[in-house]
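Enquirer: Here are the chains, one letter per residue:
There are 4 protein chains.
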Amino acid sequence: MPYEIKGLNEECGVFGVFGAAKASQLTYFGLHSLQHRGQEGAGIVSSDGEKLHRFRNRGLLAEVFANENNLDALVGDVAIGHVRYGTSGNNILENVQPFLFHFGDGDIALAHNGNLTNSATLKKQLEEGGAIFQSTSDTEILVHLIRQKMGMDFVSALKQSLNEVHGGFAFLLLRNNRLYAALDPNGFRPLSIGRLENGAYVVASETCALDTIGAQFVRDVQPGELITIDKAGLHIDSYTPKTQLTICSMEYIYFSRPDSIIHGVTVHNARKKMGRLLARQAPVDVDMVVGVPNSSLSAASGYAEESGHPYEMGLIKNQYVARTFIQPTKQLRERGVKMKLSAVRGVVEGKKVAVVDDSIVRGTTSRQIVRLLREAGAKEVHMLIASPPLRFPCFYGIDISTRSELIAANHTIPEICELIGADSLSFLSLPNLIKAIDLPEGRNLPNGGLCVAYFDGKYPTPLYDYREGYLKSLKKQQEREVV
Amino acid sequence: MPYEIKGLNEECGVFGVFGAAKASQLTYFGLHSLQHRGQEGAGIVSSDGEKLHRFRNRGLLAEVFANENNLDALVGDVAIGHVRYGTSGNNILENVQPFLFHFGDGDIALAHNGNLTNSATLKKQLEEGGAIFQSTSDTEILVHLIRQKMGMDFVSALKQSLNEVHGGFAFLLLRNNRLYAALDPNGFRPLSIGRLENGAYVVASETCALDTIGAQFVRDVQPGELITIDKAGLHIDSYTPKTQLTICSMEYIYFSRPDSIIHGVTVHNARKKMGRLLARQAPVDVDMVVGVPNSSLSAASGYAEESGHPYEMGLIKNQYVARTFIQPTKQLRERGVKMKLSAVRGVVEGKKVAVVDDSIVRGTTSRQIVRLLREAGAKEVHMLIASPPLRFPCFYGIDISTRSELIAANHTIPEICELIGADSLSFLSLPNLIKAIDLPEGRNLPNGGLCVAYFDGKYPTPLYDYREGYLKSLKKQQEREVV
Amino acid sequence: MPYEIKGLNEECGVFGVFGAAKASQLTYFGLHSLQHRGQEGAGIVSSDGEKLHRFRNRGLLAEVFANENNLDALVGDVAIGHVRYGTSGNNILENVQPFLFHFGDGDIALAHNGNLTNSATLKKQLEEGGAIFQSTSDTEILVHLIRQKMGMDFVSALKQSLNEVHGGFAFLLLRNNRLYAALDPNGFRPLSIGRLENGAYVVASETCALDTIGAQFVRDVQPGELITIDKAGLHIDSYTPKTQLTICSMEYIYFSRPDSIIHGVTVHNARKKMGRLLARQAPVDVDMVVGVPNSSLSAASGYAEESGHPYEMGLIKNQYVARTFIQPTKQLRERGVKMKLSAVRGVVEGKKVAVVDDSIVRGTTSRQIVRLLREAGAKEVHMLIASPPLRFPCFYGIDISTRSELIAANHTIPEICELIGADSLSFLSLPNLIKAIDLPEGRNLPNGGLCVAYFDGKYPTPLYDYREGYLKSLKKQQEREVV
Amino acid sequence: MPYEIKGLNEECGVFGVFGAAKASQLTYFGLHSLQHRGQEGAGIVSSDGEKLHRFRNRGLLAEVFANENNLDALVGDVAIGHVRYGTSGNNILENVQPFLFHFGDGDIALAHNGNLTNSATLKKQLEEGGAIFQSTSDTEILVHLIRQKMGMDFVSALKQSLNEVHGGFAFLLLRNNRLYAALDPNGFRPLSIGRLENGAYVVASETCALDTIGAQFVRDVQPGELITIDKAGLHIDSYTPKTQLTICSMEYIYFSRPDSIIHGVTVHNARKKMGRLLARQAPVDVDMVVGVPNSSLSAASGYAEESGHPYEMGLIKNQYVARTFIQPTKQLRERGVKMKLSAVRGVVEGKKVAVVDDSIVRGTTSRQIVRLLREAGAKEVHMLIASPPLRFPCFYGIDISTRSELIAANHTIPEICELIGADSLSFLSLPNLIKAIDLPEGRNLPNGGLCVAYFDGKYPTPLYDYREGYLKSLKKQQEREVV
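Chains as they are written, first to last, in UniProt numbering: chain A, 1 to 483; chain B, 1 to 483; chain C, 1 to 483; chain D, 1 to 483.
Hints are computed from structural coordinates only; laboratory data are not their basis.
Since the list gives no way to pick out one identical chain from another, each pair is judged satisfied if it fits inside one copy or across any two copies.
Straight-line alpha carbon distances no greater than 16 Å define the calculated EDC-like cross-link-like pairs of lysine to aspartate or glutamate that follow: (1) Lys124 <-> Asp107; (2) Lys124 <-> Asp105; (3) Lys379 <-> Asp287; (4) Lys51 <-> Asp77.
Next comes chain A alone, as it looks inside the complex (with noise of 0.2 Å):
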């Protein structure tokens, strides 16, 4: 969650209600449980039955919806929401979701969590025949799939769109009197069904979002299905045969809540379970464990109880980073002036100190955690990531920096240890990372059913677009490696 000081983001999080008075209030709320998934915009859009509402804009939801007549003006029961994570070339307000389209027969909206591997391919063919993006998002193309189909009825046309396109994602589609979600054929993002009192479903990305609006879980979407809501009710159906789970790792490891659960498993749970197998593989001789708060507390509790070494508040975040703060100036920087995280001189003077972490990206954030450590008085600073080394990107929703800027893809784990001037540095390892997780549906899939591509570089389905860079960088990379 501390996504500002990471160079590792999940791209966005989508919620939608169908069937509940204040439909776009109920979405607020749960978009507002969502935002750790997304900083950069928000959306909403209702529908009233016979049109579509839209409000977006650039900021935290709160930001966005900062005049509440703006919430309000969104009536109706039905809505889809959206916060979005966005790269800073993208970062323009016509790339925030919801995407809203008016036509002479309907309107559409569309919400969308994950990344396409074959989108360049598809905008290319959709252009040349005609076709005008207003977004530079990959997210438009369905809707342009599916119009190139018109004649076909909508359903069709949109299972034969999800057959096109390729990659990681988790669609919501908004008609004025359906609610669709559809996930790809490996599941890589999570997606789940809650239902209110009053009998009103629920699609969010995560199920924290769901106990905020004081909805029931029902079902995980599974990969290849197509979820139709309507008056009718819930109806599953799937739009491929050709499905196998590989949900992404990360979402244990780093970006869902504490209090989620996907797939059946709390991920408060697998953190503290990293947390204790880091703890029998990679024992240190401390004082004491910390914890880098916030993500990484599950995972360093779980090390603490298992090996026995006190837990200590460390190191705190202090809770009133803005977005507008100012930052400090190289010359400040110098006389050591610190933000965000500051440790707890009278708690690690002198001591012996076991810091926990759950990722290590460029190795920038870990360096300074060391730092901090030492200057307020420790004696020894050992480094334990609670997964194992990032060496590969992700191609199916989430923004690891380039193979270049990842310290793992670059460097041996002791040379790592030195460069961060920790006295020691363990990884979890990656059988020891499928354990902790121990997904119920996945104990007979390769790798639990986890997609662990960013650790090992097999990725679980062909790269399309993204295949020849991706070679050619990992050529360039060996041949500095050689020289």
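Position chains B, C and D against the provided structure of chain A, taking the given hints into account.
Expert: Showing chains B, C and D alone in chain A's frame:
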């Protein structure tokens, strides 16, 4: 720190620096780490040696200085700053500090943390002498008292004025070439001095602000002291010999940041010990210990370690709660829409849970927490409060709701337990509180050098202007209780 | 120009420049002098030769670019811009121009002044072919028509598309290395070309924009022309041979700035002559002539000079009317609170006053003016309108309220006179209007080369999609009149 | 009124109303018509009979009250308001009026138009007595003087204080149940009383504000008067018998709105007569007369009528000049980018033009106007100024640039003519100015009851604190001239 869900608030944090380039930026970063002490307004005054410059506004520090130009305009190597907690009635721009006064013979700026007990009397006397006040704050009185002594040298006038005001106060005064810091004779409020590498001195409400800007701790300001900092360095003086330390115990229990060290005691350690002593004093038969994030995590981990029960993350706090946040309507609340805090079903379901919180004011939050946990499936919920029951108001700078709102002033512990719906409820005893904090300087003083008047109603000073109203309210309450 | 007190509004102004450093800034200043043509939104697209850059928003130009960085980011020496008038229903960001389309084979930007009469039909056809529109504006259609002709070279596709759209239009299109300007076959809207000292070409809705940036007038764009500007200079071509000039007479009467020269006629001079001819046609026995500021001052001075009556400043306009202006409540209006216009008591008291205004739409403003003057003591108020009665809607780019709102479509002149409370009321005759404008190019054309359909209901082109609705409304009105 | 292109500015407008429902809204509309007197800040204080309420901010009135809630919060049927002109140095929120003072014995609000000549001396004396000022404005002094007289009844203290301040002033004071208005003994500034239909009294800097809210003119406040308005009605009193009317002639020449009537003279009529007398005094051989919009249109029409030359609209002003307007860079200005004013080529091309302006301060604007007209093709440009040369500063409330900036203080008329590039230049003579205004009350007074010190340097009162600096500046200038 979770000010938004409490009825208990500290009034203000102060920070000052003398003799460091970009003093206003250092002050900004210092205040940033004191933001938990006040979120209603912020301001900084700098001195370039000839003139004082000010910028202030209502809102969080990062909002006030959202436009960096406003900070850059505060030139000079001396500055003081203030973050303000304000009650609704007086939350106007005129009351945002530091105050700045332009005189023909030089400017004066003033920042204050505390509350004066004889301000009404002084203000009346001054107005009858022709004085004109520009704010509704009592802070301004000090400058009027000084200016009434025209002809006297500044320091003598200041010392005499400090003897005329009563109550709890930590003042910072800035003139063009001097920075003054003064603490009340009881040292109700914390105030610490640090030094930067280049020799510049820093004064701050808490030591966490010293750490943030890389300053070394020098000493705590002592009761009755007047500190002067100028080009010649640090001068320690006192304006009265009649002093006795009774520092606010709530600073340790709730207000201060866990990494701050006050009179030699690290706040986190004090809280952890409160948890430990509570575990000995009030053991419960549970499956796990859960802390209320974020302020009660220290005490909860102490309770867990001492009791041997596992420490779990059964409650999590949404880190994106903004102040513009749209509130759920009654209709939505009834439907179960929850904000800010969530219970982790995967952790607490079917379990007996001990919840550790730092204090209970009106009881509203405790009731919500119990309900959240029960809805998430907790079998039993035991509430453990790491401080004694709050039964009396504070007149020295903490905004504790009037007695009529304090649940413990009106109900017995079994009654409170029923009102909040818990299976059991225990409070830390007063002797254990004093023992947990264990102030080195206070070992031979009554109550260990602490003010504990909110718990026992024994105020360490006369109440002056408040006395009559306080006695009336006591009487009214007793009558109610008799009826 | 006093758009805020009228029911009559021009839709939009356009501006483009090719080959001048800081093209976006020149465009800003050009648009600034066209602000009277639209106040609801503004935008600029620049080209740096490789990429198009855009900034747009709702509001006045100075509001849209209040942060100068947004203008500075529009780099390059080519740019087009747009100021927009929008009716309430479609006043959304998506409709603010220029439109910008990103294609694999290059970007296109588009700005438009006018109204298409067959847009509904075209849009339906395009959607049935799979096209997706992003705005509710008909401007977008042109780009879809062009993209349907993939394979054809761009200019041929553009020319063919220009033959498919009907109505009144002045289009600017920008590609990376070329700027295109196209005018409809009737030349309903004004569009002029200028040249800067360095040889760069400029296109603008009115010549006042050329003057503002120091460009020399080159020529008016003629009906049916397609102008191309690139590094090789200016190329004049036409996309159809079937043209006949019928430029909008309201441009001379009301919309354009008095200093603009359209088809060789200075707007101020035409208005002054309207006043002169009105003085001959409708002499009144008065003490003075007063113009309604600001748009009617030219006509009023013409009336005064021709009639020999003194020209007086009997009405003044508050120049600080902002759009956020708080409106007087009904209670205050009844108490006589007046905004915007004031009568000068010291001038009109006890006098017989001739008021010259340019037109009457709903009659509301005229009624207010008569009342203002009477309250200030005027003995008689004679209303003189320097154009014929407005009785029919416009379909070529002017937002004249529907027929049912036009007072002259529903009442005789004596009835209107009574409704507005004047002592007498006269309108300029249609032949005198044509004589006053006296278009050199139009001397052998019907109506002197002008469109006067709002006065006589004789539209110079078929009405396409509007025909049926228009005929219905005529019939409904006739029935009402019969009843 | 075109304050943005002048170096000459009026300091402030005041408005007050007693006994009308929604008094703050009436005040808003009254101030709106006084906006030309000050654009840097605005504020309103209302009284509900028990408490005074204030809202103020920097900016135009419509900006300050952009959020209507801020106006609605000013409840009660009594209010005063202020629009402020501020020089750059003191344009801070603390200086925006009305000032509001809270006292134990009741609140006082204060609004002021004018300038005190002994404020430095008084401020020094008051500070030495312990007074603390909250603004850098001299307005505050009056309240301190009153409060120094504690024990005396309020009206006696006020009267005595009014005798202690010197210079030009129009004060409005508000207490809970009384509104006071006071004018200096020379009546330098205008101040008028009106009455609403319901009997409520209104006080305003100009009568145009009375007209705007539908109030009937009652009388002008006379020099040395103290007016009291309360539930018993209007009470006229005077605080000094030593009075002599010398009202500021610049109010007639430039500042006041043309529809205002000051001491019986309509401003537009005075200006028109200035134009007429200038035509007789300085006839020129031209084809047309052109006024500089908007302030010089009255004088220009007078000149045209008297001379028999046609009055033409040869210059127009862009009505959309906003304060956030992006300024042309030097590069763009050299390319000829023009703002604010445009010459109408179709009117002036090939013609001999007489331009009438109200005054010349630094000469910059005149030079621009001459250039604009020549670039638009004017054959000759004759500049005619409808007032005498401005050669001396004002100390009574007008911000005329220091002598060193006044072009007429440093150059002869032929030199100025050459500097601005005109073919000829004439100024109205001082006797003709006095004759044009022709103040009924001033017929037997020196200079017809006008202050004309900016023209002849003969100040009607001692200069007090300004005397020494003024004499020095005269001497320095004489030395420069000798050299």
